[in-house]
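Chemist: These protein sequence lines are chains P and B, in that order.
At the far end of the first sequence sits residue 423, using our numbering, and the numbering has no gaps.
At the far end of the second sequence sits residue 1070, using our numbering, and the numbering has no gaps.
Keep in mind that the hints were calculated from the coordinates and are not lab data.
All of these numbers come straight from a predicted model, not from anything done at the bench.
Yeah, the Cβ is synthetic: ideal placement off N, Cα and C, and Gly gets one too.
Accuracy of the hints is not assured; some may be wrong.
[What the hints assert, rightly or not] 27 Å max Cα-Cα, derived DSS-like pairs, lysine-lysine:
{"#": "1", "chain 1": "P", "residue 1": "K387", "chain 2": "B", "residue 2": "K1034"}
{"#": "2", "chain 1": "B", "residue 1": "K1011", "chain 2": "P", "residue 2": "K80"}
{"#": "3", "chain 1": "P", "residue 1": "K389", "chain 2": "B", "residue 2": "K1024"}
{"#": "4", "chain 1": "B", "residue 1": "K1024", "chain 2": "P", "residue 2": "K387"}
{"#": "5", "chain 1": "P", "residue 1": "K80", "chain 2": "P", "residue 2": "K154"}
{"#": "6", "chain 1": "B", "residue 1": "K1011", "chain 2": "P", "residue 2": "K389"}
[Stated by the list, open to error] What follows is a list of derived Cβ distance ranges for each label pair:
{"#": "7", "chain 1": "B", "residue 1": "K1031", "chain 2": "P", "residue 2": "Q146", "range": "42 to 52 Å"}
{"#": "8", "chain 1": "B", "residue 1": "R1051", "chain 2": "P", "residue 2": "G316", "range": "23 to 33 Å"}
{"#": "9", "chain 1": "P", "residue 1": "A351", "chain 2": "B", "residue 2": "T1067", "range": "51 to 61 Å"}
{"#": "10", "chain 1": "P", "residue 1": "I173", "chain 2": "B", "residue 2": "R1022", "range": "56 to 66 Å"}
[Claimed, not checked] Short derived list, chain P residues pointing at chain B, Cβ under 7 Å:
{"#": "11", "residue": "A90"}
{"#": "12", "residue": "F91"}
{"#": "13", "residue": "G92"}
{"#": "14", "residue": "P93"}
{"#": "15", "residue": "F94"}
{"#": "16", "residue": "L377"}
{"#": "17", "residue": "Q394"}
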Amino acid sequence: MEGAWYFYRYRRIIKWLGLYLALAGPGIIVMVADNDAGGITTYAATGAKFGFSLIWFVILLGPIAYIVQEMTVRLGAVTKRGHAEAIFDAFGPFWGWFSLIDLGIVNFLTLVTEFIGMTAALKIFGVPPVITVIGVSILMSAIVMQGRYWTWEKIVLLFCVFNLIYIPAALIIHPDVEAITRGLIPSFPTGLSNDIFFYLMANIGTTIAPWMIFFQQSSVVDKGMTEKDIAFGKLDTALGALFTILVAAFCIILTGTLLFKPGGANIESAAAAASAIMGSNPYVGSALAIGLFDAGLLGAICISLASSWAMGEVFGWAHSINNKPSDAPMFYVFYFLSLIGAGIIVLLPGAPLVLITLFVQVIAVTLLPAALVFLILLLNNEELMGKYKNTLIQNILGISIVLMIIILSSLYSLSVIFPEMFQ
Amino acid sequence: MTNCVDDTSEKERISHVARGWREKITEINRKYSKPRLKMTPLVRASLLALRLYLIMLVIILIYKFYTLVR
């Protein structure tokens, strides 16, 4: 009798796991891609500058990212609309066009920064930037053009696994576990100085980007998730948030172990950190470079799709990865144009790449508050969301987080515009 | 002669495409002209705050641009 009960339980768990694996995807992908080239650079710089002492802060960012992204799962599953279309529908053409045009600009510039990260990462192995740009463009085109959302998603999930490379890389250098444990306790080693405040803002800035909101909602719609799949969507997002903080924490552990010195070391980028480590520990340096390339690739895949989905939703073009290029020509044309455009800019001799990287932070802050406020307002509309609208606790958490993100990302943007402000 | 015909047809093609885009944008504006969300005081206040925030950002960017050029 007991054996039958266990068998029944076992079958239920297997069935549930099978169902989860079928529905897993958007949450994990968006969260892992959140650790894009810019994100990895921020974590690497944080570790080199402050050692392990800010690990607690990046761990806190996991739940914050989850609370925001979970709302996009509900909104997408209930309305069956992407975020761009939802904004047009709910707030009219003014806010619709503002969001769409701003998203297009921010995403394009961010795509350029992903290419910068990828070319810098492979340059460490002697690969010329032109080969990287061509190779990545062909790879990204092949992934979307096969005409099945399911296949696309599973390939991208495979790239997400590569992002975990920082975990074994950090473990093989035998970091100081006691010091890491101390880093889990909230504290500011040098007090709340301007320097540390700048790094906190930079970490917040990489946690929630406008493209993430648009990407996950469109992805949920393209996958065909409905109200009954929301629970799995939430689990998927929570697992993604767990992966993203694991990667961030281990990246900090890695550079905190190898590059940190009393007083803090300043590094310009993750690629510079990888080059610096390469001399003393080639395996770990290579892992950091491979991880940076993978992070840039994941970011580029998600960002270019977020733009194409948004354009397709608003202009009424066929806009599903389930469509073949002949069935959704404009969707794919837009996808390829943004890829080729970003690739060309990176290859242009004398292109202001540093300026573009800084400019992204400034432009992103024009869209992020609007996207977040629209998200909260939409999630509170009973007519639209029915029983899936935000509860009081969700609103308290959501609104507090949105306000905090708006204030800190705006301050970060101001510090980019006026560098002397936080010195 | 052939070149002249080619130029004219090319111009016509471009103006046809531009007209198509313009019509599409007008159609989108018409489709979404009436916002679905009820404009409660809270929604109005949020949208006003957003507008003010964006205006402030634009002023800061213009000031930065002005100081850079000067």
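Chemist: Are the hints correct? Go through all of them and say.
Modeler: Right, here's what the structure says about each hint:
1. Only pairs whose Cα atoms come within 27 Å are accepted, and K387/P paired with K1034/B is accepted, the gap being roughly 25 Å.
2. In summary, the hint linking K1011/B to K80/P is not supported, as the alpha carbons are separated by about 40 Å, beyond the 27 Å threshold.
3. For the suggested pair K389/P and K1024/B, the alpha carbons sit about 33 Å apart, so the restraint of at most 27 Å is broken.
4. This hinted pair does not check out: K1024/B and K387/P have alpha carbons roughly 35 Å apart, beyond 27 Å.
5. With a CA separation close to 22 Å, the supplied pair K80/P and K154/P stays within the 27 Å bound.
6. Restraint check for K1011/B and K389/P: not satisfied, since their Cα atoms lie roughly 51 Å apart, outside the 27 Å limit.
7. Roughly 32 Å separates the CB atoms of K1031/B and Q146/P, a value that falls outside the hinted 42 to 52 Å.
8. About 28 Å separates the C-beta atoms of R1051/B and G316/P, a value consistent with the hinted range of 23 to 33 Å.
9. For A351/P and T1067/B, the Cβ-Cβ distance of about 24 Å falls outside the hinted range of 51 to 61 Å, so the restraint is violated.
10. For I173/P and R1022/B, the hinted distance range of 56 to 66 Å is satisfied, since their beta carbons lie about 60 Å from each other.
11. The interface hint given for A90/P is met, as the beta carbon of that residue sits about 4 Å from the closest beta carbon of chain B, less than 7 Å.
12. Hint status for F91/P relative to chain B: holds, with the closest Cβ pair at about 5 Å, below 7 Å.
13. Given the 7 Å rule on beta carbons, the hint for G92/P holds: about 4 Å separates it from the nearest Cβ of chain B.
14. For P93/P, the interface hint holds, since its Cβ comes within 7 Å of a Cβ in chain B; the closest pair sits about 5 Å apart.
15. Interface hint status for F94/P: violated, as the beta-carbon distance to the closest one in chain B is roughly 9 Å, over 7 Å.
16. A cut of 7 Å between beta carbons decides the hint on L377/P: the least distance to chain B is about 6 Å, and the hint holds.
17. Annotation: interface hint on Q394/P violated; nearest CB of chain B at approximately 16 Å, more than 7 Å.
Against the hints set out earlier in the document, violations occur for numbers 2, 3, 4, 6, 7, 9, 15 and 17.
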